[in-house]
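Top to bottom, those sequences are chains H and G. Its first residue numbered 4, the first sequence is counted upward by one per residue in our numbering. Its first residue numbered 17, the second sequence is counted upward by one per residue in our numbering.
These are computed hints drawn from the structure, not numbers from a lab. Here the structure is a predicted model, which is why all the values come from computation and not from measurement. You may find that some hints are simply not true.
As the list claims (entries may be wrong) - List time: in silico EDC-like cross-link candidates among lysine to aspartate or glutamate, alpha-carbon distance up to 20 Å:
| hint | chain 1 | residue 1 | chain 2 | residue 2 |
| --- | --- | --- | --- | --- |
| 1 | H | K126 | G | D64 |
| 2 | G | K54 | G | E23 |
| 3 | H | K126 | G | D28 |
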Amino acid sequence: MSDPTSLLESLYREHGPALLGYLARAHAEVGTAEDLLQDTFVQALMHMDRLARAVSPRAWLFAVARNVAISALRRRRRPQPLPEQLAAPEPDGEDERLAAMRRAIDRLPDVHREVLGLRLAEKLSYTEIAEVLEVPIGTVRSRLHNALSRLRETLSAGAEQPGDEAGGPNTERAEEGDHNE
Amino acid sequence: MNRQALERLLTDRAAGELSDDVEELLAAYLAKDAAAAKLAEEFRSTADLAARALAREPARELPPFPAERIRQARQRPSKRIAWPGLARRGLALAASALLGLGAGWIAFRQAAPAPVEGPARVVVQVVERAVPVPAARPPEGDVAESEFWSAGFLAKRAARRPRADSARLMWSSPVEIPTIGGGL
Numbered sequence: 004m005s006d007p008t009s010l011l012e013s014l015y016r017e018h019g020p021a022l023l024g025y026l027a028r029a030h031a032e033v034g035t036a037e038d039l040l041q042d043t044f045v046q047a048l049m050h051m052d053r054l055a056r057a058v059s060p061r062a063w064l065f066a067v068a069r070n071v072a073i074s075a076l077r078r079r080r081r082p083q084p085l086p087e088q089l090a091a092p093e094p095d096g097e098d099e100r101l102a103a104m105r106r107a108i109d110r111l112p113d114v115h116r117e118v119l120g121l122r123l124a125e126k127l128s129y130t131e132i133a134e135v136l137e138v139p140i141g142t143v144r145s146r147l148h149n150a151l152s153r154l155r156e157t158l159s160a161g162a163e164q165p166g167d168e169a170g171g172p173n174t175e176r177a178e179e180g181d182h183n184e
Numbered sequence: 017m018n019r020q021a022l023e024r025l026l027t028d029r030a031a032g033e034l035s036d037d038v039e040e041l042l043a044a045y046l047a048k049d050a051a052a053a054k055l056a057e058e059f060r061s062t063a064d065l066a067a068r069a070l071a072r073e074p075a076r077e078l079p080p081f082p083a084e085r086i087r088q089a090r091q092r093p094s095k096r097i098a099w100p101g102l103a104r105r106g107l108a109l110a111a112s113a114l115l116g117l118g119a120g121w122i123a124f125r126q127a128a129p130a131p132v133e134g135p136a137r138v139v140v141q142v143v144e145r146a147v148p149v150p151a152a153r154p155p156e157g158d159v160a161e162s163e164f165w166s167a168g169f170l171a172k173r174a175a176r177r178p179r180a181d182s183a184r185l186m187w188s189s190p191v192e193i194p195t196i197g198g199g200l
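The task is simple: from the sequences and hints, build the whole structure.
Written out as structure tokens, the structure is:
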């Protein structure tokens, strides 16, 4: 398995589906997830020397994918379509609480939503998320805690006020209590 | 346990990041505190619902592995500059140059002849050049008392003064006073 191409192909088979889902969910506005996924593995080839130092191959690939998506976003900088989360129609008969949760997630600050997705959807550990986002583990914990607390309060209040929709996805930075350990 | 600490533990538990020991301790605490147990249930249901909400994206079909692009990327010469390697080589060159310069300087100092010591004798030759004074025509006859301060009287006196066009200043040592010797 010393051949980088064989190693990458093996990683592609193992982590490709998760990476594709991550790119489609979190970076849909940049381009097609399939293109970003292929760019991810081409970029990964260029930085194979960092694989040995990574927490895990999975975390390393997510970090590469995230950087590829951010670079693509910087290059394009064109009018962005609505994110898929908002553009997608609600499936029929879906639980109202689930719909409320989606709206609440869309209104989270980007940094909180990103950590929430990496943990709950991609099942990355705190350590892996810290490597992907290049932040301390304490910051990951803090952001996840803030995200869950906000969602819990929103759902507990049971208040999906019509006026809340005006703001759209919240792009503010994490304003409270990121702990840098 | 204060509420903030409890909420952070509940977040870690919802994320599956608690160790077994802490999980057991937390479960024991929650069994005794109904309010804390209610809060824990809210966190768990929130995390579950959020996970379901995030997982709604239908699974996409994985595109084929980009073998051709990767093959082309491998054949392409890398444009990246290996700065660390380059910097290491530069530092090694600079260190070698410094070492060579230092060794050369020491060798030069050891090979150079020692300065010869002896009595210092400095001879300073002072040449006094006489500036020609335009000779004024002396007044006719004796100098009257009223002409004592006149230009003509001064010119006459200057012409009578013995000349010392040059002299040799003998200075045998810097710590002694120089003496004036004979003319050249």
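Which numbered hints fail: Violated: none.
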